[in-house]
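When you line the sequence shown up against this note's numbering, it's residues 1 to 463, in that order.
Calculated from the structure, these hints are not laboratory results.
Hints are supplied without guarantee of correctness; some may be wrong.
Claimed, not checked - In silico DMTMM-like pairs for lysine to aspartate or glutamate, Cα to Cα no more than 20 Å straight-line:
#1 K430 with D320
#2 K402 with E278
#3 K202 with D75
#4 K402 with D311
#5 K208 with D93
#6 K202 with D311
#7 K430 with D279
#8 K74 with D311
#9 K402 with D320
Quick caveat, the model's predicted, so the values are computed rather than measured.
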Amino acid sequence: MSRTKNLLKNTGILIIAKMSTQVVSFLLLPLYTALLSTEQYGEIDIYTSLAMIVIPFLTLQIEMGLFLFYITAKDRAKQTDIISSSFAMITLDILIVSIMYFIITIFIPINYRIPLYLYYLSMALSSVLLQVCRAQGNNAAYGMASFVSSGVAIVLNALFVVGFHWKVEGIIYASIIAQLVSVLFMLWKTKVHGYVTLKGIKRDQCVKLLNYSFPLVLNQVSSWGINYSNRLIIISYLGIGINGIYSLANKFSNLTNMFFGMYNLAWTESVVRSMDDEDSVDYLSKMVMMTFNIYLLLITGMINLLPFVFDVLVNQAYADAYNHIPILLCSMFFSGMAATIGSIFIAYNRTRNVSITTTLAALCNIFIHLMMLKNFQLYASSISSLISFFLLFVYRYLFVQKIVPLQFQISKILIPLAVLVISCIAYVSKNPWFILVGFTLNVLDIGYMLFTNKENVVKLLKR
Numbered sequence: 001m002s003r004t005k006n007l008l009k010n011t012g013i014l015i016i017a018k019m020s021t022q023v024v025s026f027l028l029l030p031l032y033t034a035l036l037s038t039e040q041y042g043e044i045d046i047y048t049s050l051a052m053i054v055i056p057f058l059t060l061q062i063e064m065g066l067f068l069f070y071i072t073a074k075d076r077a078k079q080t081d082i083i084s085s086s087f088a089m090i091t092l093d094i095l096i097v098s099i100m101y102f103i104i105t106i107f108i109p110i111n112y113r114i115p116l117y118l119y120y121l122s123m124a125l126s127s128v129l130l131q132v133c134r135a136q137g138n139n140a141a142y143g144m145a146s147f148v149s150s151g152v153a154i155v156l157n158a159l160f161v162v163g164f165h166w167k168v169e170g171i172i173y174a175s176i177i178a179q180l181v182s183v184l185f186m187l188w189k190t191k192v193h194g195y196v197t198l199k200g201i202k203r204d205q206c207v208k209l210l211n212y213s214f215p216l217v218l219n220q221v222s223s224w225g226i227n228y229s230n231r232l233i234i235i236s237y238l239g240i241g242i243n244g245i246y247s248l249a250n251k252f253s254n255l256t257n258m259f260f261g262m263y264n265l266a267w268t269e270s271v272v273r274s275m276d277d278e279d280s281v282d283y284l285s286k287m288v289m290m291t292f293n294i295y296l297l298l299i300t301g302m303i304n305l306l307p308f309v310f311d312v313l314v315n316q317a318y319a320d321a322y323n324h325i326p327i328l329l330c331s332m333f334f335s336g337m338a339a340t341i342g343s344i345f346i347a348y349n350r351t352r353n354v355s356i357t358t359t360l361a362a363l364c365n366i367f368i369h370l371m372m373l374k375n376f377q378l379y380a381s382s383i384s385s386l387i388s389f390f391l392l393f394v395y396r397y398l399f400v401q402k403i404v405p406l407q408f409q410i411s412k413i414l415i416p417l418a419v420l421v422i423s424c425i426a427y428v429s430k431n432p433w434f435i436l437v438g439f440t441l442n443v444l445d446i447g448y449m450l451f452t453n454k455e456n457v458v459k460l461l462k463r
């Protein structure tokens, strides 16, 4: 199977499993916004947001090294060493972090102490096993595990929140059970226990894994700084209720981010498997360019569609989220493109470059947010995210030229960018005829992209 077809197949498997559950989640959104106050919605958002920074410390991102080294391993013995060493390091780290957590929370009491511990632990275990699925090339199991987890979470959320009125605590317990069901499913599908032996724990392999993975911890912390430091600033200066509105606005951009994330998982594997090919530079350049156009069309389509469904999906109490959505969608576009280029760094074992660029963007985000907060209030959060992700994309594009000289054709993105700008103006105007014009231009833009890239599309699909 060609590289591009394999990429599309893997992406499709991951997206179908994830998308089906996301659709159901959005259908439940009216119930949640009706039953949870903005403060409760904001509280849940905080716990969810903290997962992005807690899990890397629970696993040290060793699972990312496991993925890379496993797929490049030549035999079963080497794969056993990689998984055994990875699991040993992750187990030790979880033990240390768990002891620290329970000691700290004795002196600094927190709400839902035990449930939150189980919530983050179950997510960490799921994260590790998801990477084992990917490493084994079992993307169907990866997708099904995500489907199982999301499906169970949705059913239990409906039961606990709507039926039992447990609200915040119910959502946490629903997530714990869903993740544990997913973990059991992946243990069954990967047969990973057959790869874990004491003899397979190698000191040199542990060092190699740590050297590769540890910079990714800083990268995750910095990514959290870009994505979620905004929420802490909002809560500190504007209140937890306003954070609930911001969280709701992010719900829509997170839908596109889900698609970008699933694509990027398949893309990373494609980069790793093709980086030694003679035409790897040409392949990567064309795929990055095509990814840029596809992401841009998706974001524009979302902006054109949302004015027609926003009032149906969202309770009036969250109406202020409306104008923040296009800004956050555009920020997710640049986030997705930055991740696309970041996969090239990861494949070429340049995780330090990923960490440096993300850290710079995180610092920019916090600085811009604080500088704009007084005059722009909640808009400071949305705008600072957009600027920081744009800078992250530019940083990585410039840095990656030293590894892979990507060729970016500016002339092919001018029309899609113009359509995006028109669609954003139409969105804010709320004029249905103006919005229809934006939607029509979006459809024509798809035809334009296919026409101008027809040779590349045909060539890539035939490989």
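Evaluation of the provided hints:
A threshold of 20 Å between alpha carbons decides the hint, and for K430 with D320 the separation of about 14 Å falls inside it, so the pair holds. Taken as a hint, the K402 and E278 pair is honoured in the structure, with Cα atoms around 18 Å apart against an allowance of 20 Å. The hinted pair formed by K202 and D75 meets the criterion: a straight-line CA distance of about 16 Å does not exceed 20 Å. Restraint check for K402 and D311: the C-alpha separation of about 48 Å exceeds 20 Å, so the hint is violated.
A C-alpha spacing of about 16 Å is found between K208 and D93, which places the hinted pair at or below 20 Å, so the restraint holds. Restraint check for K202 and D311: not satisfied, since their Cα atoms lie roughly 57 Å apart, outside the 20 Å limit. With a C-alpha separation of about 47 Å, the suggested pair K430 and D279 falls outside the 20 Å cut-off, and the hint is violated. Pair hint K74 plus D311 does not hold up; C-alpha atoms about 55 Å apart against a cutoff of 20 Å.
Restraint check: the Cα-Cα separation between K402 and D320 comes to about 44 Å, which exceeds 20 Å; the hinted pair is violated.
Taken one by one, the earlier hints fail for this structure at numbers 4, 6, 7, 8, 9, listed in ascending order.
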